[in-house]
Amino acid sequence: MNPWYLLTLVGKDRPGIVAGVTSALYKEGANLGEASMVQLGGNFTIMVLAQYEGTTDELSKAILPVAKDFDLRLHVDPVLEPRHQASIPDVRITVYGADRAGIVAEVTTALAEAGLNILNLETDVGGAIYILIIEGTASQGIDALQKVLDNLAREKNLETRLSPIDTLIG
Amino acid sequence: MAIRDVLVYPDPRLKQISSPVTKFDSALQDFIRDLNDTMLAGPGCVGIAAPQVGHFERIVIVDLTSKPKNPNHGKLVLINPVIVESSGEKIGREGCLSVPDYTGNIVRAKNITLSAYDEEGNPQSYEMKGFEARVAQHEIDHLDGRLFLDRLVCRRSELFPRQNYAE
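Here the protein sequences line up with chains A and B, keeping their order. Be aware that the first sequence starts at -10, since it is given in this note's numbering, and climbs by one per residue. Be aware that the second sequence starts at 3, since it is given in this note's numbering, and climbs by one per residue.
No lab work stands behind these hints: they were computed from the structure. One or more of the hints may lead you astray.
[What the hints assert, rightly or not] EDC-like mimics (lysine to aspartate or glutamate), calculated; alpha carbons at most 20 Å apart, straight line:
#1 LYS131(B) / ASP155(A)
#2 LYS71(B) / GLU42(A)
#3 LYS77(B) / ASP103(B)
#4 LYS92(B) / ASP79(A)
#5 LYS71(B) / ASP66(A)
#6 LYS69(B) / ASP79(A)
#7 LYS69(B) / ASP132(A)
#8 LYS92(B) / GLU111(A)
#9 LYS69(B) / ASP155(A)
#10 LYS50(A) / ASP66(A)
#11 LYS92(B) / ASP66(A)
#12 LYS25(B) / ASP36(B)
#13 LYS77(B) / ASP155(A)
#14 LYS131(B) / GLU91(B)
#15 LYS71(B) / ASP155(A)
#16 LYS69(B) / GLU129(B)
#17 LYS112(B) / ASP155(A)
Predicted model only: the values in this text are computed from it and were never measured.
With the rest of the complex left out, here is chain A (with noise of 0.2 Å):
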């Protein structure tokens, strides 16, 4: 089995960057996991999970090319854990208020301390609104989020809402 490495490729955005670095990892060889590509700010993001049969090295060798044709930042990291399966969110958390410096570190340090675990965070400006969108696991129990949420609401003038996610197996 090829070992997993994690792609990072970063620069600003203009159309054909996702297609010009996946056919370079298909042309060498290369067999896609999981990845996360956005736009943030002008800038387009790629983390990419790639199993390939050689070394973090001959890998970056590899696609240095396609980042230059982009101009994009490459970095690749071995992953850890080949195996890893992917943990399944029980808690949905969104917050919401008018924008300012401090509200992601406010409510994760609240909800860390809670015993949260992060596995999906997503945020959002919308004019002057500030939108964070979370989900994860509770390993305290979702009520000790809960009451985390209220304080929040209630001391930093935020609108949060928690739903408990309750896979369907069917």
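Based on the hints, put chain B in the right spot on chain A.
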């Protein structure tokens, strides 16, 4: 008791559209028993549809007896089910016996009114909400050759349009 083999994606038969049940006979009762046994053998499984075991008739089982916190009708055998009304929408996470090792976020109607026949062939009508409504929609999709994979949504699409950052 017989547990049947479950078809697993990418088996093309999962795309097949199932036909209505016309005979409520002992063969149907035997099949329903097997279908139920197969569902109970799936860990945490709350529903199953006939085509998942390669039987292409419009039969599903919805069984939330293991989820007492959600309002539900207990174990239901739904034959030739039709959703006659639906309202609201809610995002929820779904997995499937036929799609092992993957779960995804899916939008479903929050409330549905469903008509179906029971296993003796009597017409029934059910009002369902929340998790039970989700399970029924998931199973009825199987009868039309649809998997939850066909309804995956990107969470970002629910969000507000992004602010324009100055260059």
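Hint check results:
1. LYS131(B) / ASP155(A): Holds, because 14 Å separates the two Cα atoms, which is no more than 20 Å.
2. LYS71(B) / GLU42(A): violated, 49 Å
3. LYS77(B) / ASP103(B): Not OK: LYS77(B) and ASP103(B) at ~26 Å, beyond 20 Å, violated.
4. LYS92(B) / ASP79(A): holds, 16 Å
5. LYS71(B) / ASP66(A): violated, 44 Å
6. LYS69(B) / ASP79(A): It holds: about 15 Å lies between the C-alpha atoms, which stays within 20 Å.
7. LYS69(B) / ASP132(A): The given pair, whose Cα atoms are some 19 Å apart, holds under the 20 Å limit.
8. LYS92(B) / GLU111(A): holds, 19 Å
9. LYS69(B) / ASP155(A): holds, 10 Å
10. LYS50(A) / ASP66(A): It holds: about 13 Å lies between the C-alpha atoms, which stays within 20 Å.
11. LYS92(B) / ASP66(A): With Cα atoms ~38 Å apart, LYS92(B) and ASP66(A) exceed 20 Å; violated.
12. LYS25(B) / ASP36(B): Holds, at about 17 Å.
13. LYS77(B) / ASP155(A): holds, 18 Å
14. LYS131(B) / GLU91(B): Cα-Cα ~11 Å, so holds.
15. LYS71(B) / ASP155(A): holds, 11 Å
16. LYS69(B) / GLU129(B): holds, 17 Å
17. LYS112(B) / ASP155(A): holds, 14 Å
Consistency note: the structure conflicts with the earlier hints numbered 2, 3, 5, 11.
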